[in-house]
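Protein chains in written order, with our numbering: chain A, 650 to 1245; chain B, 51 to 130.
Hints listed in this document are in silico derivations from the structure and should not be mistaken for laboratory results.
Since the model is a prediction, treat every value here as computed from it, not as a measurement.
Heads up, some of the hints might be wrong.
[Said to hold, decoys possible] Pairs of lysine-lysine, DSSO-like flavour, derived with a Cα cap of 27 Å:
#1 B:Lys124 / A:Lys1126
#2 A:Lys1049 / A:Lys968
#3 A:Lys979 / B:Lys125
#4 A:Lys1138 / B:Lys68
#5 A:Lys676 / B:Lys124
#6 A:Lys1049 / B:Lys53
#7 B:Lys125 / A:Lys1049
#8 B:Lys68 / B:Lys53
#9 A:Lys675 / A:Lys739
#10 A:Lys1126 / B:Lys125
#11 B:Lys53 / A:Lys1138
#12 A:Lys739 / A:Lys1049
#13 A:Lys968 / B:Lys124
#14 A:Lys970 / B:Lys87
#15 A:Lys979 / B:Lys68
#16 A:Lys968 / A:Lys742
#17 B:Lys65 / A:Lys1138
#18 B:Lys123 / A:Lys1126
#19 A:Lys1138 / A:Lys1160
#20 B:Lys124 / A:Lys1138
#21 A:Lys1126 / A:Lys1209
#22 A:Lys979 / A:Lys968
#23 B:Lys87 / A:Lys1049
#24 A:Lys1049 / B:Lys65
#25 A:Lys970 / A:Lys1138
#26 A:Lys979 / B:Lys53
#27 A:Lys1160 / A:Lys968
#28 A:Lys1126 / A:Lys1049
#29 A:Lys676 / B:Lys53
#30 A:Lys1207 / A:Lys1126
#31 A:Lys979 / A:Lys742
#32 A:Lys1126 / A:Lys970
#33 A:Lys1126 / A:Lys1138
#34 B:Lys65 / A:Lys968
#35 B:Lys123 / A:Lys1138
#36 A:Lys739 / A:Lys718
#37 B:Lys124 / A:Lys1049
#38 B:Lys53 / A:Lys968
#39 A:Lys968 / A:Lys739
Given next are the chains, with one letter for each unit.
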Amino acid sequence: MTSGVPPGLIFLVGSLFIPFFQGHSKKALLLGLPLLGGISLFLIPEGINWGFDFFGHSLVLLRVDALSKAFGYIFVIMAFSGALFSLHVKDNKEHVAAFLYVGSSLGVVFAGDLLSLFIFWEMMAFSSVFLIWARGTQAAQGAGFRYVLVHILGGVFLLVGIVMYQSQTGSMAFDGMSLESWATYFIFFGFILNAAAPPLHAWLPDAYPEATVTGTVFLSAFTTKTAVYVLARSFAGTEILIWIGVMMTLYGIVWAILENDMRRILAYSIINQVGFMITGIGIGTQMALNGTISHAFCHILYKALLLMSAGAVLHMTGKTKCTDLGGLYKTMPLTLMFALVGAASISAFPLFSGFVSKAMVITASTQENMPFVWLMLTLASAGVFLHAGIKFPYFVFFAKDSGIRTQEPPNHMLWAMGLLSFLCIFLGVVPGVLYAILPFPVNFVPYTLDHVLSQLQLLAFSALAFFLLLPHLQRTKTISLDTDWFYRKGAQALVWFLNQPGVRIGNQFGKIFFEEIPRGLFWLSQNPLAAIQIGFEKLVVHVGRWAGSSQVKALEKKVKTEQSLYPGDQVYHWPIGTTVLWVTLFLLGSLLLYYL
Amino acid sequence: MKKEFDFFDHPGNIKRIKRIFYLVLILLLVFEFFIHKHTTFPWESIPGFNALYGFLACVVIVFFSNALGYFLKKKEGYYD
Chain A
650 MTSGVPPGLI FLVGSLFIPF FQGHSKKALL LGLPLLGGIS LFLIPEGINW GFDFFGHSLV
710 LLRVDALSKA FGYIFVIMAF SGALFSLHVK DNKEHVAAFL YVGSSLGVVF AGDLLSLFIF
770 WEMMAFSSVF LIWARGTQAA QGAGFRYVLV HILGGVFLLV GIVMYQSQTG SMAFDGMSLE
830 SWATYFIFFG FILNAAAPPL HAWLPDAYPE ATVTGTVFLS AFTTKTAVYV LARSFAGTEI
890 LIWIGVMMTL YGIVWAILEN DMRRILAYSI INQVGFMITG IGIGTQMALN GTISHAFCHI
950 LYKALLLMSA GAVLHMTGKT KCTDLGGLYK TMPLTLMFAL VGAASISAFP LFSGFVSKAM
1010 VITASTQENM PFVWLMLTLA SAGVFLHAGI KFPYFVFFAK DSGIRTQEPP NHMLWAMGLL
1070 SFLCIFLGVV PGVLYAILPF PVNFVPYTLD HVLSQLQLLA FSALAFFLLL PHLQRTKTIS
1130 LDTDWFYRKG AQALVWFLNQ PGVRIGNQFG KIFFEEIPRG LFWLSQNPLA AIQIGFEKLV
1190 VHVGRWAGSS QVKALEKKVK TEQSLYPGDQ VYHWPIGTTV LWVTLFLLGS LLLYYL
Chain B
51 MKKEFDFFDH PGNIKRIKRI FYLVLILLLV FEFFIHKHTT FPWESIPGFN ALYGFLACVV
111 IVFFSNALGY FLKKKEGYYD
């Protein structure tokens, strides 16, 4: 238990102090904690530390190697940028939730065993949901509940898998696994749910755009990327991940194209980008895994940057829908510039970060001779430019003049965007810095004439397609159904079923068993003989009417008078002889029963 | 009052940007004949393959999405 402090712990413990600070000292704390986390991370030597014995299981809170360290670095950089972006937020709950979320994500990354991984995994879900609820709208409340319920489901699968895995292998260590038993299927399910792989992805585009301006920035970085991390560590080279990843890249694009809400466009684009990473994990070669990790690194930066610029627009105008926005280049030129850096990075323009990372995944598909994967990923690259690279900035900042006249967001937001823009360009120009922290040696030169030209051709002609197809891309005031339909409409259907036929049947049941039958029994018990007689006569009336008898009328009249007089004189003319007969019969019956 | 920055509202400017854009497209296609290409898959040696593929990819994506949108797009209050 020596050498270094788990960086997650700094955030988890530090977050508890936030409510006790105010003004500048609070701002200093919010920026200081990530800095402290970064320094401690930088100083930690590789190795396994902070091991505990917990009821016979060995827990490891600080397993440091190149893989966990790379994710640790980007998480800390993201925490700093996110904190800088949210300095204006007065609500302490939001800051605390964000830091608990960062801390638990770092906890997952440095966890060396499955049990502590699971605990941090659940903490992530329960802390991040407050970033959604903090928005305070009814939509946010609903989306938050759905978000947390879906993650609880994923957590249950993960826990079941972990318990089975432990009982089968006798080990809690979190390392490479292969997809061959129910235990690993369950664990895999829990992991890909957090990676937002369709059809288990709907929680992401449902909830992220409903979070607060700053909350969405944090959310975009951690949950899916911890899932990428755990998959890279445990399921690298699992072939099905290639197909899941390819499907994700395409799925994200199609739904982003249909979407009207700018932050939901970017949320779908997370699914698309994580798809590239998952494909890389599935390919599983050193080149592919380097590509996955560096793409996760770059993606966190430019996606946060894009969501910050969208957040700045939301913060200043209160609007998120493309149909309500447009023409903001006039009043928010700096925000536009930062958005364009993010757009160029996600589209993998040469000299921007996405170019140096995504190319490694695509090159890995070339090296492994997977032509179909190459074609799909290249198609998806064109699609990225279409939806995130052009569509988002075009409809928000250009397109039409929406008449909105606003101004640039507060300075700290501009600084946060400026910092991320700098990093996006820096990594694009000097990729060696990024390549140096990757787990495997990098044999890849991103800047060859051939490669640069192919990418520029791809992007430029995608842009041409965008502008030629503009009439087909006009935004409409609509939402697009996704797989959350099944549980949202499903829940509505269940509530309807319980309210309508369910309650009606229940009421009917209650009426019959608690009202009508007791009433009937009570009625019968008042004068059983007369009651039986009335019943019998009624039966005769029915039969007689059916047979067309002429005496029915007289009998009917008689029944009516009997009913009106009921219970009448409750004369009990039960002759003693009858009673004796019954007693004899019962005795005979029991005698026979016992004799036999 | 300071005059508003409205560069992109002038049709003349848009026309100029368009011309530059088309020129860039042509240059990108021409440059290809002057560089040496490393190819793995056969189609990579076709001149202008990436340009064509990027363009067609976007056309397919847009029309496919719109076709799907025909079924998936609902009014905003759909879930309320």
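Consistency of the hints with the structure:
For a cut-off of 27 Å, the pair hint linking B:Lys124 to A:Lys1126 stands: about 9 Å separates their Cα positions. Between the alpha carbons of A:Lys1049 and A:Lys968 the distance comes to roughly 15 Å, so the proposed pair stays at or under 27 Å and holds. Between A:Lys979 and B:Lys125 the CA atoms are separated by roughly 31 Å; this puts the pair beyond 27 Å, and the hint is violated. Restraint check: the Cα-Cα separation between A:Lys1138 and B:Lys68 comes to about 46 Å, which exceeds 27 Å; the hinted pair is violated.
Distance check on the hinted pair: A:Lys676 and B:Lys124 sit about 43 Å apart at the alpha-carbon level, beyond 27 Å; violated. Restraint check: the Cα-Cα separation between A:Lys1049 and B:Lys53 comes to about 19 Å, which is no more than 27 Å; the hinted pair holds. At most 27 Å may separate the alpha-carbon atoms for a hinted pair to count; B:Lys125 and A:Lys1049 meet this at roughly 22 Å. As the CA atoms of B:Lys68 and B:Lys53 are separated by approximately 25 Å, the hinted pair is consistent with the 27 Å bound.
For the hint linking A:Lys675 to A:Lys739, the alpha-carbon distance of about 10 Å falls within 27 Å, and the restraint holds. The suggested pairing of A:Lys1126 with B:Lys125 holds, with an alpha-carbon distance near 7 Å, which does not exceed 27 Å. Distance hint between B:Lys53 and A:Lys1138 is unfulfilled; the C-alpha atoms sit about 51 Å from each other, more than 27 Å. At most 27 Å may separate the alpha-carbon atoms for a hinted pair to count; A:Lys739 and A:Lys1049 exceed this at roughly 34 Å.
At most 27 Å may separate the alpha-carbon atoms for a hinted pair to count; A:Lys968 and B:Lys124 meet this at roughly 20 Å. Annotation: proposed proximity of A:Lys970 to B:Lys87 is violated, straight-line Cα distance about 43 Å (limit 27 Å). Straight-line distance between C-alpha atoms of A:Lys979 and B:Lys68 comes to about 20 Å, which keeps the hinted pair within the 27 Å bound. At roughly 24 Å between alpha-carbon atoms, A:Lys968 and A:Lys742 fall within 27 Å of each other, so this suggested pair holds.
For the hint linking B:Lys65 to A:Lys1138, the alpha-carbon distance of about 48 Å lies beyond 27 Å, and the restraint is violated. For the given pair, B:Lys123 sits about 9 Å from A:Lys1126 by alpha-carbon distance, which is consistent with the 27 Å threshold. Under the criterion of a C-alpha separation no larger than 27 Å, the hint pairing A:Lys1138 with A:Lys1160 is inconsistent with the structure, at around 31 Å. Annotation: proposed proximity of B:Lys124 to A:Lys1138 holds, straight-line Cα distance about 13 Å (limit 27 Å).
With a C-alpha separation of about 68 Å, the suggested pairing of A:Lys1126 with A:Lys1209 is violated against the 27 Å cut-off. For the given pair, A:Lys979 sits about 17 Å from A:Lys968 by alpha-carbon distance, which is consistent with the 27 Å threshold. Restraint check for B:Lys87 and A:Lys1049: the C-alpha separation of about 42 Å exceeds 27 Å, so the hint is violated. Our distance criterion of 27 Å between C-alpha atoms is met by A:Lys1049 and B:Lys65, whose separation comes to about 16 Å.
Among the hinted pairs, A:Lys970 with A:Lys1138 is consistent with the structure: their alpha-carbon atoms are about 24 Å apart, no more than 27 Å. A hinted pair counts as satisfied when its Cα atoms are at most 27 Å apart, and A:Lys979 with B:Lys53 qualifies at roughly 11 Å. As the CA atoms of A:Lys1160 and A:Lys968 are separated by approximately 53 Å, the hinted pair breaks the 27 Å bound. Pair hint A:Lys1126 plus A:Lys1049 holds up; C-alpha atoms about 16 Å apart against a cutoff of 27 Å.
Between A:Lys676 and B:Lys53 the CA atoms are separated by roughly 37 Å; this puts the pair beyond 27 Å, and the hint is violated. Restraint check for A:Lys1207 and A:Lys1126: the C-alpha separation of about 73 Å exceeds 27 Å, so the hint is violated. About 35 Å separates the Cα atoms of A:Lys979 and A:Lys742, which puts this hinted pair outside 27 Å; it is violated. A C-alpha spacing of about 8 Å is found between A:Lys1126 and A:Lys970, which places the hinted pair at or below 27 Å, so the restraint holds.
For the proposed pair A:Lys1126 and A:Lys1138, the alpha carbon gap of about 20 Å is at most 27 Å, so the pair holds. Restraint check: the Cα-Cα separation between B:Lys65 and A:Lys968 comes to about 30 Å, which exceeds 27 Å; the hinted pair is violated. This hinted pair checks out: B:Lys123 and A:Lys1138 have alpha carbons roughly 15 Å apart, not beyond 27 Å. For the hint pairing A:Lys739 with A:Lys718, the CA-to-CA distance comes to about 32 Å; that exceeds 27 Å, so the pair is violated.
Between B:Lys124 and A:Lys1049, the direct Cα distance comes to roughly 24 Å. Compliance with the 27 Å bound is thereby established for this hinted pair. About 25 Å separates the Cα atoms of B:Lys53 and A:Lys968, which keeps this hinted pair within 27 Å; it holds. Restraint check for A:Lys968 and A:Lys739: satisfied, since their Cα atoms lie roughly 21 Å apart, inside the 27 Å limit.
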